[in-house]
Amino acid sequence: MSEIQFHNTLSGRTEPFVPLVPSAVSIYTCGPTVYDFAHIGNFRTFVFQDVLRRYLKSRGFRVVQVMNLTDVDDRIIQKSAAAGVSIRDYTDKYIQAFLDDRRALNLEPPEHLARATEHIEDMVALIQRLTAKGFTYTSEGSTYFRISKFPAYGKLSKIDVAGMQAGARVDMDRYDKDNVRDFALWKAPKPGEHFWETAIGPGRPGWHIECSAMAMKYLGETLDIHSGGVDLTFPHHENEIAESEGATGKPFVRYWLHAEHLLVDHEKMSKSVGNFATLRELFSHGQKPSSVRFLLASVPYRRQLNFTPESLQGAAGSVDRLRTFVARLATGKFPAGASPAMAARAAKAREEFDESLSDDLNTAQALAAIFDLVRDVNIAIDRGEFLEGDAAPVMGVLESFDAIFAVLLDDDAEKLRALGFGKDSAGPSDAEIDALVAERQAARKRRDFAASDRIRDQLAAQGILLEDSRDGGVRWKRK
RNA sequence: GGCGCGGUCGCCAAGUGGUAAGGCAAAGGUCUGCAAAACCUUUAUCGGCGGUUCGAUCCCGCCCCGCGCCUCCA
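The working numbering numbers the first residue of the first sequence as 1 and each following residue consecutively.
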């Protein structure tokens, strides 16, 4: 097994990954702000985080992942007020949608999904700790973090604080802060706004404090991995470091992993630009969950990912090829025996697959190892050289692949139905299809091709594709 | 301006100091009753200019272009 390496934003380098505690990895992943449906740019990062945790698990680590759900912020306060519902009710809806979307993309549930509003006490305690150490000041009921008290500020994003201070013009009237870079830990309530009555006064938490508080609550004061989109590097993650390390005096995170953006028309997909697509929109246009997951997972996470209709179709084609291959392996009839050469070929693919992923999760390269194997096995099958006993080792590789990519199981239609898309009915049942297939086989046997083709067309119209195999069998799949 | 990421076949996208993976798409072919699937063949000298080197797409310099962060943002 190759040594695992990750690119650490903190050092700016790709370095060997060694968790603090052998055999276990603690991961904090920045989750969504639940004021609306997440778009696929957001899911690019979430898919990356899922690939990350799955890979670590495949390498034998016990993974403990915490993902936050930011369920209080300016937008949520505004929108829920506008809708005339409580923050809780407003965010419940989008949290549910988020969880449904995650299921559609086969994202494994994190060990802890932490709602900000359920951790107010933890945040207050952390702020008190910071205050006790002199890192804070208050202004008009709000509490701020004074970055001049934290000399390491800027070490993650490589921002030159001194330069910024010199060039910054502080608008005191507007911010009431000593330094523009100082950030709110606790915000005083505006009239009519929802607030929490706490030991540090009424108000609501600033953005960054929730992540520090929840990460340390579940994972300890030093965690192995923290990840999110590149846009969070500054100020969000920089501020998390300041808050956390200010309070504990210990390193907060050992490896910072940042996912690059998903681009549309050479531009970052974002709500503000308006060039975003939600999963539901794609599904309503007939796209499959597996295509989306494959596309998002296939581009290494530190690369910007160009999202185009063509790339999504490409992903669909790739998934199709792999599923067809698995079906061929599972249903084919092969000569008895087993060949050492094929076992070795499979082992080689397994090794290349792992080695690619160990190199900062190079999923593109890992896929090449799988497709190379697929081609070689198909060649062997076509030549009649593939033996019965060769299927198991090859399937083993595909299982390793799917433990990470999770696209082989053909349950797209089911998932779409669960989200209210696609056909209302499941279409013909397996038994009905099998009966028609048998009928067609009989027609073929008496060389009544008109009848057999009629049945094939009829099934095709219902999205069932038939493949006659050389050994006389028939394989079918739902499109 | 500062910091960071890129520019490789029609599209997506790996990679290496010694003439470039993989997927999708396209064309032709083999197989098939016909299809489908599968396989085979065909399609790139790696943004530009210099430099280092026996040799650079990969190293260095300059330039051009795109994207992101520096304000809410995955």
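Since the hints were derived computationally from the structure, they do not count as laboratory data. All figures in this text were calculated on a predicted structure; none of them were measured in a lab. Among these hints, one or two may not hold up.
[Unchecked claim] In silico PhoX-like pairs for lysine-lysine, Cα to Cα no more than 20 Å straight-line:
(1) Lys333 <-> Lys477
(2) Lys415 <-> Lys333
(3) Lys271 <-> Lys133
(4) Lys177 <-> Lys133
(5) Lys271 <-> Lys217
(6) Lys271 <-> Lys93
(7) Lys79 <-> Lys149
(8) Lys190 <-> Lys149
(9) Lys133 <-> Lys158
(10) Lys348 <-> Lys333
(11) Lys79 <-> Lys250
(12) Lys177 <-> Lys79
(13) Lys79 <-> Lys190
(14) Lys177 <-> Lys93
(15) Lys57 <-> Lys79
(16) Lys155 <-> Lys93
(17) Lys177 <-> Lys187
[What the hints assert, rightly or not] Label-pair restraints from in silico Cβ distances:
(18) Glu414 <-> Val21: 23 to 31 Å
(19) Met395 <-> Lys149: 53 to 61 Å
(20) Arg62 <-> Pro309: 47 to 55 Å
Ideal Cβ placement from N, Cα and C applies to all residues, glycine included.
Check your understanding: Which numbered hints are broken by the structure, listed smallest first?
Key -> Result: hints 2, 3, 5, 7, 8, 9, 10, 11, 12, 14, 15, 16, 18, 20 break, sorted rising.
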